[in-house]
Amino acid sequence: MTAATFARAPSIGRAFTAQVQRDLTIAFRSRSELINPLMFYVMGISMFPLGVGPTAERLAEIAPGVLWVLALLSTLLSLDSLFRRDFDDGTLEQLVLNVDPLFVGVLAKVFAHWLVIGLPLTLLSPLAALMLFLPGAAVPTLVLTLLLGTPILSLLGAVGAALTVGLKRGGLLLTLIILPLYVPVLILGAGAVTAVIDGVDPAAQLAWMAAILALMLTLTPFAAALALRVGLE
Amino acid sequence: MSFTSWHEFLYMGGHYPFVWSAYAIGVFGVVVTLLRPLRARRRFFAEQGQRLRRQSSLESDGGAERIDAPRPS
Amino acid sequence: MGRLKTLWHRLGSPRWFYEISGPWAAGSLIVGLIGIAVGLVWGLAIAPPDYLQGNSFRIMYLHVPAAILSESCYILMGVAGAVLLIWRMKLADMVVAAAAPIGVVFCIVALLTGAIWGRPTWGTWWVWDARTTSMLVLLFLYFGVMALRQAVPREESAGRAAAILAVVGMVDIPIIKYSVDWWLTLHQTSTFKLTSAPSMPAEMYLPLLVSVLGFYTFFFGVLLFGVGNEVLMRERRTQWVTDLVRSRQS
Chain S
1 MTAATFARAP SIGRAFTAQV QRDLTIAFRS RSELINPLMF YVMGISMFPL
51 GVGPTAERLA EIAPGVLWVL ALLSTLLSLD SLFRRDFDDG TLEQLVLNVD
101 PLFVGVLAKV FAHWLVIGLP LTLLSPLAAL MLFLPGAAVP TLVLTLLLGT
151 PILSLLGAVG AALTVGLKRG GLLLTLIILP LYVPVLILGA GAVTAVIDGV
201 DPAAQLAWMA AILALMLTLT PFAAALALRV GLE
Chain F
1001 MSFTSWHEFL YMGGHYPFVW SAYAIGVFGV VVTLLRPLRA RRRFFAEQGQ
1051 RLRRQSSLES DGGAERIDAP RPS
Chain R
2001 MGRLKTLWHR LGSPRWFYEI SGPWAAGSLI VGLIGIAVGL VWGLAIAPPD
2051 YLQGNSFRIM YLHVPAAILS ESCYILMGVA GAVLLIWRMK LADMVVAAAA
2101 PIGVVFCIVA LLTGAIWGRP TWGTWWVWDA RTTSMLVLLF LYFGVMALRQ
2151 AVPREESAGR AAAILAVVGM VDIPIIKYSV DWWLTLHQTS TFKLTSAPSM
2201 PAEMYLPLLV SVLGFYTFFF GVLLFGVGNE VLMRERRTQW VTDLVRSRQS
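Chains as they are written, first to last, in this note's numbering: chain S, 1 to 233; chain F, 1001 to 1073; chain R, 2001 to 2250.
With the rest of the complex left out, here is chain S (with noise of 0.2 angstroms):
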């Protein structure tokens, strides 16, 4: 083993933390962007009993669903900013220019985005579940479906947003290619919230739910590089 072999191994995790560590301060800087998809995803959930009615069944019972499918449009609308920021100052070119795999780049792009969108989804969501009267004993599975199925989001919307970059209204096409590709989780994330509701024990939907994660984590980050060279050629 050379020393450049030794050279090369630590900075792969270096170059993760920087810029996880980067997109963090920015994140930070402004913090009224931070709050605005978790503002959406309180206004939206508070629309259902606007418009369904306030009876305590009837939103119970569509309490599963609400709660997932606002979770995705939170994140679907926070996705633009993944890369365009990054985009319209020329950093994006610099990542793809000289993080080394750029698959690392990107995954520590999405982390970050994640730690700043999706984590706080899934910690405001017990609050949100308490707005559509979800059943107490549902609310840890919530919880957990939401953890393991955010990350999935941010890694498909990776794909799409990394697609959609250099593009005018890029959000609206980004929209149209990711929500089918979000069916599955959605059904599974809202299918082991009822499951835990009928009294069925949601471990199948959640082992697959874990493994799609692990699917996506491996891939997503190769597709959403490709996808980023190809925007910005």
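Don't take every hint at face value.
Chain R is faced by these chain S residues, among others (derived, beta-carbon under 7 angstroms) [stated by the list, open to error]: (1) Val52; (2) Leu176; (3) Pro180; (4) Leu226; (5) Leu232; (6) Glu233.
Derived by calculation from the structure, the hints in this document are not laboratory data.
Glycine included, C-beta positions come from ideal geometry on N, C-alpha and C.
With chain S fixed as given, assemble chains F and R onto it according to the hints.
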């Protein structure tokens, strides 16, 4: 033959609106799928033929600028 | 093996493909259309009516081929996309471009005929069963690929972006189908099997087979023709195409 008369065939045991509208859609789909590329190719040759004719006519007068004559669009 | 490799290398030349594919396209189109006509007439007029569904089951001879083809077409797009990304074969991009509109039409036909079939069978125009739901998601996937292709300004980048999306979609399709299937057993709606293939008597099954084969052949022919169009379009400034155009005039 599953039907004993034309009338019976068209009537489809009462299901005629469903069967015939579905078949209309299906046949329409096949026809559209068939005609799109055929028409596109015909259009291609027509347009390219026009373009080449225009090019050769522009070249044949030695490339001289014709300010007075209307430009072909 | 050597012949396969030669074929593979030849596919790198769009011009070679154009010159070879002509007769194959024409032949497949004719054979396919005959197959479709035979299958449909057989299914409409000769096959016996179904014990439960009466005559409306005859829609199956359209619905099933359309559904099968729209799925196969997407997988073909995904494979072609992968070929484009890995080997940068220009022809693969043209296959993606030519296949997408065909697949969309079949997908829409499948959805509409499925809905029309559902009305007399289940009493509703739409039902969220495993097949209709995954077919609807497939339609969304198609739109995504086509929309992305149109939105990217540079032609080569558009092809590669669409290819990435097609591959991701293709990988996701089994996951989608599984989760939708599972979602329905959870909700325990009665899933009527529209095609209970093993228990179908031969008089019903054979015209379906003919119809499906006819549609596949037809699809192959239309695809070859469409790819030929793409070749012409992209190589319109080359000598061989201009010669071809000139020879077609007058």
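Here is what the structure says about each hint:
1. Val52: Since chain R brings no Cβ nearer than about 19 angstroms to Val52 of chain S, farther than 7 angstroms, the hint is violated.
2. Leu176: It holds, given that the least Cβ distance between Leu176 of chain S and chain R is near 5 angstroms, below 7 angstroms.
3. Pro180: For Pro180 of chain S, the interface hint holds, since the closest Cβ of chain R sits about 4 angstroms away, which is under 7 angstroms.
4. Leu226: Where the cut-off is 7 angstroms and the nearest Cβ of chain R is about 6 angstroms from Leu226 of chain S, the hint holds.
5. Leu232: 9 angstroms, violated
6. Glu233: Because about 5 angstroms separates Glu233 of chain S from the closest Cβ in chain R, which is inside the 7 angstroms limit, the hint holds.
The structure shown violates the earlier hints numbered 1, 5.
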